[in-house]
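Please put together the full structure from these sequences, using the hints given.
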Amino acid sequence: MTPNKEPRKNLVQPGIGKVIRRLLGYVVGRNKLRFVAVIVCIIISAAAGVMGSVFIRSLIDDYITPLLQMANPDFSNLIRALMGMGCIYALGVVCNLCYQRLMVDISQQAQRDIRDEMFAHMEQLPIRYFDTHTNGDIMSYYTNDIDTLRQMLSQSIPQVFNSAVTVVAVLCAMIFTNIWLTILVLIGVALMLNVTKYLTGQSGHFFIKQQISMGEVDGYIEEMIHGQKVIKVFCHEEKAKEGFDKLNDELCHNATQANRFSNMLMPIMANIGNLLYVIIAVLGGTMALCGVGGTITLGVISSFLLLLRSFIMPINQISMQLNSVVMALAGAGRIFKLMDEEPETDNGYVTLVNAKYNKETGELEETEERTNLWAWKHPHGDGTITYTRLTGDVRLVDVDFGYNPDKIVLHDITLYAEPGQKVAFVGATGAGKTTITNLINRFYDIADGKIRYDGININKIKKSDLRRSLGVVLQDTNLFTGTIMDNIRYGRLDATDEECIAAATLANADDFIRRLPDGYQTVIDGDGSSLSQGQRQLLSIARAAVADPPVMILDEATSSIDTRTEAIVQRGMDALMTGRTVFVIAHRLSTVQNSDVIMVLELGHIIERGSHDELIAKKGKYYQLYTGAFELE
Amino acid sequence: MIKLLSKSIREFRKESLLAPLFVTLEVVMEVIIPVLIAELMDKGIDGGSMSAIWYYGALLAVSAILSLIFGGCSGHFAAIASAGFARNLRHDMYYKVQEYSFSNIDKFSTASIVTRLTTDVTNVQNAYQMLVRIAVRAPVMMVASLVMAFLLQPTLASVFLVGIVIVGFVLFYIATHVHPVFEKVFRIYDKLNSVVQENLRGIRVVKSYVREDHEVEKFDKVSQDIYKNFTRAEKMVAFNAPTMQFAIYSCMICISWFAANFIVAGSMTTGQLTTMISYAMQILMNLMMLSMVFVMVTMAKSSTERIVELMLEQPDIRDPEDPVHEVADGSISFRDVSFSYAKDPNKLALRDVNLEIASGETVGIIGGTGAAKSSLVQLIPRLYDVTCGQLLVGGKDVRAYGLEDLRNEVAMVLQKNELFSGTIKENLRWGNEHASDEELIRACQLAQADEFIQRFPKKYDTYIEQGGTNVSGGQKQRLCIARALLKKPKILILDDSTSAVDTKTDALIRQAFLEEIPDTTKIIIAQRVSSVQDADKIVVMDGGRIDAVGTHEELLKSNQIYREVYESQQKGGSEHDA
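First to last, the protein sequences are chains A and B.
To convert, note that position 249 of the first sequence is 248 in numbering that gives the first Met the number 0; the numbers rise steadily by one, no gaps.
To convert, note that position 110 of the second sequence is 109 in numbering that gives the first Met the number 0; the numbers rise steadily by one, no gaps.
Misleading hints may appear alongside valid ones.
Dumping the calculated BS3-like pairs for lysine-lysine here, alpha-carbon to alpha-carbon at most 25 Å [unchecked claim]:
1. B:K6 <-> A:K245
2. A:K240 <-> B:K395
3. A:K449 <-> A:K462
Computed footprint of chain B on chain A, listed as stretches where at least three residues anywhere in the stretch have a Cβ under 8 Å from a Cβ of chain B [claimed, not checked]:
4. 95-103
5. 110-122
6. 263-277
7. 471-477
Negatives, chain B to chain A, calculated, CB over 12 Å [said to hold, decoys possible]:
8. L145
9. Y172
10. K458
If you're looking for bench data, these hints aren't it; they were derived computationally from the structure.
Given the structure is predicted, the values throughout are model-derived calculations rather than measurements.
Each residue gets a CB set at the ideal place from its N, CA and C atoms; glycine is no exception.
Printed below as a string of structure tokens:
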């Protein structure tokens, strides 16, 4: 159902016991009563099956044989017995149906809970997690791992459980029927299991190989198809075929090996079962004739042979399911690992509240209503609370930072952004421009130094409130599937339609939105493929506008737009920037020219700072960039 | 549909036939075994004959071993057949895609081609393996068991028939009714995945706007939807096993009753009773298998359809009957050219383009996004065909040339360019397989790439990661230019290929072109005016039309768009694209 792209690196992990216990928590823990009912039903249904096999013995020995000796056979006893059996069977069938349906509820609920919890937990993870894991890897938790889990929960577990109960019940019945034959059967089964183990081991080895070469083929196909247009331009088709054929042949070889062993499993197990059957028949017959091993009658052998069938079938089933159970447990292990990732911690206690000035004292105080005036509510150790007006004053003092503690990427960054000022960062990729903004909204925490927002150490501010006070427009617009209106409203969920339209107008987006077939109700895809890049960027500006934060971060917001379109976007952007503290990151120097202060970053250091004119006059790095003597990448 | 796919079986026809053959033999053995057991019980145990027990015992053992061998063989051949079939299928599809023109590729989208070649083929492979084994085994087993049962006891056997009809009906009913629900569930799964994907891509936006709870709510809603539908489907499926049990149990009771009567009447033996029960179980079990096969095959159906769609796609650009092999020179002439990606005259991307380019000229093309700059130049190496009008290269219609001949003379550096995993050398040799190291270096010097390559520790043997992620944007662009130069083309097209290169290096590249390859026609699409202002002629494009053609000075005077673009860039002195 789902694409299985990459060969998973770690197929099995340690601590399987823990994983099982935790998984059972989801399956059993939340449905204790239902689970008990399932167990009872399984036992009854298995018992009914076993009784059926045992019944054949009494049918032959207790009914048919005596009947044969009667001159006038009386079938009334047999009818009664059959009716009794019918009732037992009926009970078995009903119980079977009950547990099957109950199990559906239980397993589906468990899956939903795991799915929901996993996503909710993922949303809580710090940006660091997303920066260090590829989207593809995280995605495969939702596609591959949940899928194997689904198969295990809804198919393997009930089947294995049912089989296990049956095996035990049948074993009891066999011992009860004849102990010697039972021992014989057990020896045979042990042999069978060994063969199975060998074969699954072999096929498992090749399955892993198959997965690996499958991954290689998939990777090759992906690379080539992505570059297909280049292949065409260079007439490189033949070469591309050659490389493909080689990998494809190898995959074919490994797939053949893997499937061969697993294909053989079924006939081999079934026929070892058959051989066992033959041995029992022959030995049982011999014993019956010679009178050894207790009283072996024709009925005993008949029902024993039937029991043998019901014994071997579930054993086969268990061993076949075992592989998928192991795979699913590995998947569950990975899911739990994600769920155990440390979520973003937030020790902030300073919150953002609506405020108004007290008419009498002239001081700020908290209020319920929406006043468009915000204040930081700062409770102190001594029980007092102070309110500080939200203005958008951001200061970094001697900030050091490294994504890894041993590799510092920002050194001694000090900068002041007063309310309403525009601060620009210029520098090559990797100079640390985006990193600085990552620190301001606390996607990452600084190693050393201080960041203050309106005079408050940002570590004290509740993260959600801090981020609500900061707006971002990124190069990648990241819209969400839904209507245009929904996407704008993303900035502030309680914004009215009018406010959204006003924001769109401010961002210069209103024009093009109205020209769309359904206006603001036009549904767009997540990747916004139906809109041009410029239009998407205008939407993301509108989204930031509706949030109306005092501080804005514009990270390469116009880099992927051509210069003429940029002029339009820029107007929207300028409207958005007025009256706010703005951090701008840009490649195009035209975007940053009118900033109050421009910081030139190189390898994590601020090497130049000043206004455009000052920096030009300085004839330093900025000047070189400006005159095109340097390349920014 | 099936016919088209079966073409891919080819050399695995033998295995594809042997697998079902051996399965059939296996079935025969398995059907004989219950009969032999009945004989053993009746003649041996009941009849009290040791020799009969040994005789039938030996026969039984031989049958079981034969059955094992046949079964093993069928598994062996089925594995070869299905893996081989999948290999051929992938091969055929991949080769087909290689024939695709740009418009074919656009039609499918890269991601969809990849899925068809990978996941869909795997689905079909599994279904095929099932088809040559289980799908043969189940019905053969049923028929054989039924025939044997009829031979033994016609009256009892007719009981089975009733069972089969009832079970078959129920299973079929469930299978057909559950399938659409499952299809729906899978579609909702896609929705769920797209929510996750959007969140992964936009996690910074989600966190910046503190929308985690909102997103979780969104996810839970879809998740609940899956839960509801899945539960509904699975609850229907839950009827499968009990139905089966019901049928088996009913048969058992019927058999017990009739058998008791028959045995008492002397028309049946006790051994045959066991045999009949075995047959009953075998028949019903295989019915169950059959319904499973049915479900699996229907699941593979949509994959098959996607594969067939890909195979049936006709490459719309082909070599002409009697191709011209020589491209005379690098002159280009557009005559009333209109072009539509959809081949629909109402949705033209390019309109009435007339343009003459002499061999050796340098032509700049400028215009906003969506002005159809790329569309225009992609017609030259015949990546797309014109919808109306005519395009001449070297004085002949492009459609007259052999594709390879034409494309070898028209080198193009695409806007969305790709390097492939491999060393720099290997990547460069895409341009010319037999290029010597000196030639490689020469081309790289022209493209201003040699200087940074020399700074890599492994120089020209530096390994490029998939997608060229370990070189910067500007470096990648220069490598792509070098790769194109190695073709020594008569026409060189750069589609916005120096956007990440600084203006100075950009100028050096153009300088090198002018001095080193003066006879090559150079067409340069650019965002920066500075990249084109020295060109012999500059084409200004707007909304699929040529707005003006002229030199830098002429256009500055006469063309408003050009002037606007120029001024928007002058304001910043220079500008640097990402």
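We went through each hint and held it up to the structure:
| no. | hint | result |
| --- | --- | --- |
| 1 | B:K6 <-> A:K245 | holds, 21 Å |
| 2 | A:K240 <-> B:K395 | violated, 31 Å |
| 3 | A:K449 <-> A:K462 | holds, 16 Å |
| 4 | 95-103 | holds (count 6) |
| 5 | 110-122 | holds (count 8) |
| 6 | 263-277 | holds (count 12) |
| 7 | 471-477 | holds (count 5) |
| 8 | L145 | holds, 19 Å |
| 9 | Y172 | holds, 16 Å |
| 10 | K458 | holds, 20 Å |
Checked against the numbered hints above, the structure violates only hint 2.
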